[in-house]
Amino acid sequence: MQASRIGNLVEKFVNTDQAKQIHCQILVGNLHNLEPLLVRQILKCAAHYSARTTHYVRSILRCMRIRDAFSASCTIRYLSQLGQFRDALALYSESHASGIFPNTFAVSSALKSCARILCKSGGLMIHGQVQKLGFCEVVFVQTALLDFYSKLGDMVVAHKVFDEIRERNVVSWNSLLGGYVKCGKLAMAQSVFDEMPERDVVSWNSMISGYTRAKDMEQAYELFRRMPQRSSASWNAMVTGYIECGKMELARSFFDAMPERNNVSYITMISAYSKCGNVECARELYDQRSEKDLLLYNAMIACYAQNSRAKDALQLFDQLLKQNTKFQPDKMTLSSAISACSQLGDSEHGAWIESYMKEMGIAMDDHLTTSLIDLHTKCGDIDKARELFNGLQSRDLVAYTAMILGCGINGRAKEAIGLFDEMIDSGMVPNVVTFTGILSAYSHVGMVEEGYHCLMSMQRHGVGPTPDHYSIVVDLLGKSGRVEEAYELIKSMGSVAPHAGVWGALLRACSLHGNVEVAEIAASKCFELEPDSSGYRSLLAGIYAAAGRWEDADRLRRGVEEKGLVKIPGSSWIQ
DNA sequence: GTAGGGTTAG
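If you use our numbering, the first sequence corresponds to residues 0 to 574, in order.
Everything labelled a hint here was simulated from the structure, so no lab data went into it. Since this is a predicted model, take the numbers as computed values, not measurements. Think of the CB as a built atom: it goes at the ideal place given N, C-alpha and C, for glycine as much as any other residue. A couple of the hints might just be wrong.
As the list claims (entries may be wrong) - What follows is a set of in silico ranges between Cβ atoms, one per label pair, in the way DEER data are often shown: (1) Gly133 / Asp382: 51 to 57 Å; (2) Asp199 / Asp317: 18 to 24 Å; (3) Lys214 / Glu290: 42 to 48 Å; (4) Glu358 / Cys244: 53 to 59 Å; (5) Ala362 / Gly463: 25 to 31 Å; (6) Ser491 / Gly534: 54 to 60 Å; (7) Glu519 / Glu386: 48 to 54 Å; (8) Asp364 / Val155: 30 to 36 Å; (9) Arg554 / Ser393: 56 to 62 Å.
Unchecked claim - The calculated lysine to aspartate or glutamate pairs, modelled on EDC-like cross-linking and capped at a C-alpha distance of 20 Å, are: (10) Lys184 / Glu166; (11) Lys490 / Glu527; (12) Lys310 / Glu290; (13) Lys119 / Glu93; (14) Lys291 / Glu259; (15) Lys181 / Glu166; (16) Lys131 / Asp193; (17) Lys246 / Glu194; (18) Lys357 / Asp317; (19) Lys330 / Glu279; (20) Lys246 / Glu290; (21) Lys181 / Glu194; (22) Lys291 / Asp329; (23) Lys310 / Asp345; (24) Lys181 / Asp199; (25) Lys310 / Asp364; (26) Lys383 / Glu353; (27) Lys291 / Glu279; (28) Lys181 / Glu243; (29) Lys184 / Glu243; (30) Lys478 / Glu519; (31) Lys274 / Glu259; (32) Lys413 / Asp424; (33) Lys413 / Asp364; (34) Lys119 / Asp286; (35) Lys325 / Glu279; (36) Lys490 / Asp531; (37) Lys330 / Asp317; (38) Lys321 / Glu279; (39) Lys321 / Glu290; (40) Lys325 / Asp292.
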């Protein structure tokens, strides 16, 4: 088959099956030396498609036995443009190892990849090669180096690289400016901004994001007002700034006032609504946007998963799989989907996702592994979870917490405590969720003293106990018959106002141990805090009944029925 | 070179 014919085919391929076919044709045709132009075409097409397509393109390239610097640099560049930084770097070192000298394109793309994944050692190595290869005066390479050090936060070296650039362009200046902005050195950023011989819209946008990061919205707005022309990034930066300052209304009014909204604008607003629990507004914006990309899907799926709407998350995930041949889910999509499965305890769906990942060649990362750890613990396979946990590249707070929670709900208190200690020893700072995990581990096996002391130790770890933590310990004390102590604990809460859950735990303890006196106190608090909930009334009625106080029990039960009647309207029997 | 998406509880 002619190379040009393959080129035409490649231009048209839209899904993986066609990509596969092309792959086979190349194999059969034994076209080891495709024209560089064709290589470019293949990669250009691949750039529009998914990770899986890239996977095939890589194998195409592999069977072509890349042996010239041009094909290699093209591939590295496209991979890096696709955001596949690790792949780009792997190919860079692969071709380097096989004796191909990188050109300036390959070097600057590889540096960009190092910068994006913060691979310090890789960048330093490439810097060394740059000197050997004599690329020190190529402005592309110099700017890539500058950007690499800026992203690492090493502004001393970054500035040095900048000083060595003879023909600085606006991109070099912007990289330096961006570096100071990112590490929070706003005064330095401002002086770079003032010194710049020319500024473009990126310079102004960087400066704005410097002020929005510092939550100085007045200065940010001043720049926004003064800048000669605005891009969508300028508007988006302002929206992000107001969101971070907790000013959702202002953020929304900027969003509404934008002359043109892009996916970044929508995603920013959707994830902000997600964080404050406003799923309806998020969905409304999601529906408004017709040109959806994978990130927009991901934002909405994550929004559902983060707000306990697991079924909706999975429904949207399935929709993405079925309706959109254009995008394949990526790591972000999958971790939200797995989280949703875990919330539902749906191990079948979870297993399907796992096999899907294998089939697609989607590599695991620590975030994804953490959601799988959570899934397996919720489905009772604690050994599998532990195996995944042991395989993590680095154990962060969330991973430890997921594992501790998992041990807790599976009755492995000892293991949970071991993990907790290990975590503290390695200098990590537990958060409120970690304590929920360790406390429920104690609760599960009835370790009363340990649980109580753990609650008391929270302040020492810099975590203020929340009402949820108190309810676990109240429940733990109550279950073991120490109702009075549980009551005393609630009274000692001070500034942490007990919610209905705390009093409810006490009420359940009273029901278990027939303590009418404390039950009446707990119940009256529950009624006060959650007047619409009938459960507490039934619980107290049961306690009265058990104590032989039939009249009181009856009075409460009648009250429940009356309330029940009031609450029903809205359902079908009205018709 | 600027602006966007993920994992732990309830």
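Results of checking the hints against the structure:
In this structure, Gly133 and Asp382 meet the distance hint of 51 to 57 Å, their C-beta atoms being roughly 56 Å apart. About 44 Å separates the C-beta atoms of Asp199 and Asp317, a value inconsistent with the hinted range of 18 to 24 Å. The hint said 42 to 48 Å for the Cβ distance between Lys214 and Glu290, and at roughly 32 Å that hint is violated. In this structure the hint that Glu358 and Cys244 lie 53 to 59 Å apart at CB is violated, the actual value being about 44 Å.
The supplied range of 25 to 31 Å is broken by Ala362 and Gly463, whose beta-carbon atoms lie about 39 Å from each other. Our hint of 54 to 60 Å for Ser491 and Gly534 is violated, since their Cβ atoms are close to 26 Å apart. Glu519 and Glu386 have their C-beta atoms about 50 Å apart, which keeps the hinted 48 to 54 Å range intact. In this structure the hint that Asp364 and Val155 lie 30 to 36 Å apart at CB holds, the actual value being about 31 Å.
A hinted range of 56 to 62 Å holds for the C-beta pair Arg554 and Ser393, which are about 60 Å apart. Only pairs whose Cα atoms come within 20 Å are accepted, and Lys184 paired with Glu166 is rejected, the gap being roughly 25 Å. For the given pair, Lys490 sits about 17 Å from Glu527 by alpha-carbon distance, which is consistent with the 20 Å threshold. Of the supplied pair hints, the one linking Lys310 and Glu290 is violated, its CA atoms being roughly 24 Å apart against a limit of 20 Å.
Between Lys119 and Glu93 the CA atoms are separated by roughly 18 Å; this keeps the pair inside 20 Å, and the hint holds. Between Lys291 and Glu259 the alpha-carbon distance is near 15 Å, which keeps this suggested pair within the 20 Å criterion. For the suggested pair Lys181 and Glu166, the alpha carbons sit about 24 Å apart, so the restraint of at most 20 Å is broken. Under the criterion of a C-alpha separation no larger than 20 Å, the hint pairing Lys131 with Asp193 is inconsistent with the structure, at around 35 Å.
For a cut-off of 20 Å, the pair hint linking Lys246 to Glu194 is broken: about 33 Å separates their Cα positions. Note on Lys357 and Asp317: the hinted pairing holds, with a Cα-Cα distance of about 18 Å set against a maximum of 20 Å. Distance hint between Lys330 and Glu279 is unfulfilled; the C-alpha atoms sit about 25 Å from each other, more than 20 Å. Among the hinted pairs, Lys246 with Glu290 is inconsistent with the structure: their alpha-carbon atoms are about 27 Å apart, more than 20 Å.
About 18 Å separates the Cα atoms of Lys181 and Glu194, which keeps this hinted pair within 20 Å; it holds. Under the criterion of a C-alpha separation no larger than 20 Å, the hint pairing Lys291 with Asp329 is consistent with the structure, at around 15 Å. Distance restraint check for Lys310 and Asp345: the Cα-Cα separation of roughly 10 Å lies within the 20 Å cut-off, and the hinted pair is therefore satisfied. Distance restraint check for Lys181 and Asp199: the Cα-Cα separation of roughly 18 Å lies within the 20 Å cut-off, and the hinted pair is therefore satisfied.
Straight-line distance between C-alpha atoms of Lys310 and Asp364 comes to about 25 Å, which puts the hinted pair past the 20 Å bound. For the proposed pair Lys383 and Glu353, the alpha carbon gap of about 13 Å is at most 20 Å, so the pair holds. Annotation: proposed proximity of Lys291 to Glu279 holds, straight-line Cα distance about 18 Å (limit 20 Å). This hinted pair checks out: Lys181 and Glu243 have alpha carbons roughly 16 Å apart, not beyond 20 Å.
At roughly 19 Å between alpha-carbon atoms, Lys184 and Glu243 fall within 20 Å of each other, so this suggested pair holds. At most 20 Å may separate the alpha-carbon atoms for a hinted pair to count; Lys478 and Glu519 meet this at roughly 18 Å. Restraint check: the Cα-Cα separation between Lys274 and Glu259 comes to about 24 Å, which exceeds 20 Å; the hinted pair is violated. With a C-alpha separation of about 16 Å, the suggested pair Lys413 and Asp424 falls inside the 20 Å cut-off, and the hint holds.
Using a Cα cut-off of 20 Å, the hinted pair Lys413 and Asp364 is violated, with the two alpha carbons roughly 28 Å apart. The hinted pair formed by Lys119 and Asp286 fails the criterion: a straight-line CA distance of about 41 Å is larger than 20 Å. Restraint check for Lys325 and Glu279: the C-alpha separation of about 27 Å exceeds 20 Å, so the hint is violated. Of the pairs offered as hints, the one joining Lys490 and Asp531 is violated, with about 24 Å between alpha carbons and a cut-off of 20 Å exceeded.
Restraint check for Lys330 and Asp317: satisfied, since their Cα atoms lie roughly 15 Å apart, inside the 20 Å limit. For a cut-off of 20 Å, the pair hint linking Lys321 to Glu279 is broken: about 24 Å separates their Cα positions. At most 20 Å may separate the alpha-carbon atoms for a hinted pair to count; Lys321 and Glu290 meet this at roughly 17 Å. Proximity of Lys325 to Asp292 is assessed by CA-CA distance (about 9 Å); at most 20 Å being required, the pair is judged to hold.
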